[in-house]
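A.B. asks: Chain by chain, the residues:
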Amino acid sequence: MFTKVLVANRGEIAIRVIRALRELGIRSVAVYSTADKDALHTRLADEKVCIGSAQSKNSYLNAPAIISAAQIKGVDAIHPGYGFLSEDAGFAEVCEAAGIKFIGPKPQDIELMGNKLKAREHVDKLGVQVMPGTFQEIEDEQHAIRIAKDIGLPLMVKAAEGGGGRGMKIIYDEDQIPTIIKIARAEAKTAFGNASLYMEKYFENVRHVEIQILGDGNGSVISLGERECSIQRRHQKFIEESPSVAVDDRLRNKMSEAALKITRHINYRGVGTIEFLLDEKGKFYFMEMNTRLQVEHPVTEFVTGLDVVAEQISIASGQKMSVTQKDIKLKGHAIECRINAEDPETLVPSAGTIRTYIQPGGPWVRVDGHVYCGYEVPPYYDSLLAKLVVWAEDRDSAIRRMQRSLDEFIIEGIKTNIPLHRKILASKEFLLGNISTRFIDKFI
Amino acid sequence: MFTKVLVANRGEIAIRVIRALRELGIRSVAVYSTADKDALHTRLADEKVCIGSAQSKNSYLNAPAIISAAQIKGVDAIHPGYGFLSEDAGFAEVCEAAGIKFIGPKPQDIELMGNKLKAREHVDKLGVQVMPGTFQEIEDEQHAIRIAKDIGLPLMVKAAEGGGGRGMKIIYDEDQIPTIIKIARAEAKTAFGNASLYMEKYFENVRHVEIQILGDGNGSVISLGERECSIQRRHQKFIEESPSVAVDDRLRNKMSEAALKITRHINYRGVGTIEFLLDEKGKFYFMEMNTRLQVEHPVTEFVTGLDVVAEQISIASGQKMSVTQKDIKLKGHAIECRINAEDPETLVPSAGTIRTYIQPGGPWVRVDGHVYCGYEVPPYYDSLLAKLVVWAEDRDSAIRRMQRSLDEFIIEGIKTNIPLHRKILASKEFLLGNISTRFIDKFI
Amino acid sequence: MDINTIKELIELIEQKDIVEIEYSTADGKIRIVRASRETPLRSLAAQADHAGRAETAGTEIKEEEQGISVNSPFVGTFYCAPSPSEKPFVEIGTKVKKGQTIGIVEAMKLMNAIEADADGSIRQVLKKDGDPVEFGEPLFIIAPES
Amino acid sequence: MDINTIKELIELIEQKDIVEIEYSTADGKIRIVRASRETPLRSLAAQADHAGRAETAGTEIKEEEQGISVNSPFVGTFYCAPSPSEKPFVEIGTKVKKGQTIGIVEAMKLMNAIEADADGSIRQVLKKDGDPVEFGEPLFIIAPES
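Protein chains in written order, with my numbering: chain G, 1 to 444; chain R, 1001 to 1444; chain F, 2001 to 2146; chain D, 3001 to 3146.
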């Protein structure tokens, strides 16, 4: 097992990883930007290093600074969390070259799945249904128009190097094609350093259901069941649950088999998520794979009883998985609400000082947060303040537990999306499980 | 089910009950003293009523004020929490006479078990081994000396109407008998309104292990397994866990059978705890029964997956239990640390204003608390600030999780016992499970 | 010093990180103290009220109203008359003597007489017949005899 | 004293670590009190330090020491000389010119020259050869030429 690990992230996920490290008896090193000198992750870690200025590119995305920090602190491994450098194959390579274990998949797997076009090709060859769409990048407007005629409108234009809901545009009308292609290309270039685009069919009344997998890099890969993540706003997940009301045992097995086929083939190491689109008839399509820990991993932890982060760290250190597929049984129901610092009406991020912060508690309520009374939310980073996660015997009880937890959560000084979560949780449609990726539009 | 319930308590247990009520869809009414106008339970309840001044006897022990509050608010039932009026058979009777359901056992059962001498007699008759000692109250010093010769020193003098660790004195030497009897009698009179005393053998290297039971009042009583509560200071529980390292399946069944025999015989309704003393040879003795919800119920909730408070409320409303004995399976290991506002060296309660309050979080960590940043801890009540409870697959992992949670818990402005908890959790003896009711003495 | 200077000072105190200004010139003196910043407690109450859950324990009676507040010593039900068919004990303007019964709070079927705390006249009756009242809640304001 | 003087005073109080100013002249007198700064953050830091877990990011250099702090622009390892066998670039008292190399911070095998920010003399060398340094950590204090 590792002796000392650097956590190359901030906010709640840095704290989540530090917690796992501490429980495993591993020393933790936090890195932080000058804007984060009062951030909680720097206080909970055993050691800390300032790596750069407030802007992410100078600190949390600054690979040389992070490697250098790892070297002066003498760590065995780096945990990238999610976002930032977590899906940067180059960073994973540099870590390994510097003799520091990267707690994540092998660099070539990050690269394969990071390029959405290559990933589609890989998955298609294995006989798993992918989203109807192109397997090559779009050459020009004319090419795009031909594709549109082929697969039919509406369409989604995606950046080949995008993912996680970023770099996506919907085309409803052929006339929009030239303009949208132009904008999307420019955005992809800026955001991902790669202007490659591709197109997929856009479905309206569908669910986003994903399978959490865990592989040991030695041929053993298991499924930890599904997460229902259809409640999204601007293609960003907002509420997640496990299990999904739309998934029965048979479908769960089919989706798990597909996910395992994709990952066993590359002998996947670490945690990963296969995102599927699920239609009303129970047909599912591969969308993309995330080769990292997900924000929403706690719902899986609650229903499986497995500490996913401890398992991830332990696998990276060369240990075997503590469980086999037959140990994984989903029990009860878990729901996560992402509590963001944002205006619940306009969804504009809200920075400022937190004057009051009273967390919900009691039975089967988990809060993964990073803010506290008196903390100043800096304007530079993600707006996620806390993940509020509950578990109960069944979905109805879990919803009631989430409602009372949202009622208890008191955050003052900045605006949060708690009122919007309350509205959604109280809606009849959510209660009935009649949800789709378009669900949230009705509430804003 | 009830429509509206009054919670006749304060602090964390009032909040715990309000949470359960809210999840059950029942309106909650908080009562509070003038010292508690900023207390969190008054904010989390749906309604609130000020019932009297700061001193408990004028407010939380003021039965007429509580009944009157229940009447003006039109509630169906009263939940007494623990402490205060929870084991007052007279209060339970007055509630029922006023047409308000008392969420607890039948008054006669509270009375039977409330008088420790009567309880001993009841249990002895059923063939369950009770603590060696007297079945009648001590008449005078001479009587006490005769008993002492009979059962041998050391002895424990207890108040017949005491319980919960209060009103107890140890006698090591015959010469001490007259003095201790005199003091104990005076104390019992003041504290419990009844000067009756009795004597039990005092064992030194023993454990306090209790069985949580749940009865529906219609003949069905089930056991929710044991809690190990040996870590005590001044006969007050400090750390609790479930299961106990000293209890295997066979012993668990035997202790559960004894507990069920005691409670089935009186057709017990609601939650209750049978406290046993367990010696090194695995022999156990009945000490007393608590006819109410216990502080440490969360450890049972964690290992059974059952919401004990919801179950208690639901039974009181006349519903059936949601589980049968065969549904109860203990999974993993849970530990609770009671976080008190007290000096960790002297254990003197510490009132004052909380300047910083940052709770631990993350996977399988539960905090049942009632304070917040800026809250002023009043000097009138119990020093319990929060119960920190963790769960993990096994005891070692649970201990590590508790250690990291204690490390994360930041409370400033008042002194707490967190440093003492840390010391205990880090000790080899605790890790090995070599604990007894005398354990904590080594740490103070 | 004219009103505009004062306005400017107030604006300054509001914009900047200042709590107090004392300023004297030949023609006068002024001291401006900024309202204390909201404490978490206070704002918490505001939030709770906003959520519509917590109810106010009672109207707070300000000292400045220059009356003596008679508060309920019990939780219970307020009655303004000895029985429904009778006239109220007092009305606004009624002259009262210290110790005189001016209302009743019923708790658990017991009728507790509420007495005037001082000689004077009833300035306000804050509760209606049959209203639930909490411990310490103001029932009457008496304007004391001067 | 006019409103502009007051504005200037307020700006001063904000820029500097001042809580209260009282100022009297022939034509008047003013007292300005700044809002208190103490936040829970501060006490949190105290606790963390007390627990012995969080390490201090670096020595804080006070303004009063009247020197210019040269801070590390990188996380890495500090070297005071071009190579182990050579003499340090500077020592206490060494006269330096702005832009002159006075140390090295190595990050990922890259040697980054640390340059003097101003003409002057080295007042303090805060790190020893081979010390790990964080981003923004002070390495030298230069007493500027006056």
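Please note that a few of the clues may not be correct.
Derived EDC-like pairs (lysine to aspartate or glutamate); straight-line CA-CA distance at most 20 Å [to be verified]:
1. R/Lys1331 <-> G/Asp394
2. R/Lys1329 <-> R/Asp1248
3. D/Lys3098 <-> D/Asp3131
4. D/Lys3007 <-> F/Asp2131
5. G/Lys189 <-> G/Asp88
6. F/Lys2109 <-> R/Asp1076
7. R/Lys1073 <-> F/Glu2011
8. R/Lys1423 <-> G/Asp394
9. R/Lys1057 <-> R/Glu1093
What the hints contain is simulated information worked out from the structure, not anything from laboratory work.
A.B. asks: Hint by hint, which ones does the structure fall short of?
C.D. replies: 3, 4, 7, 8
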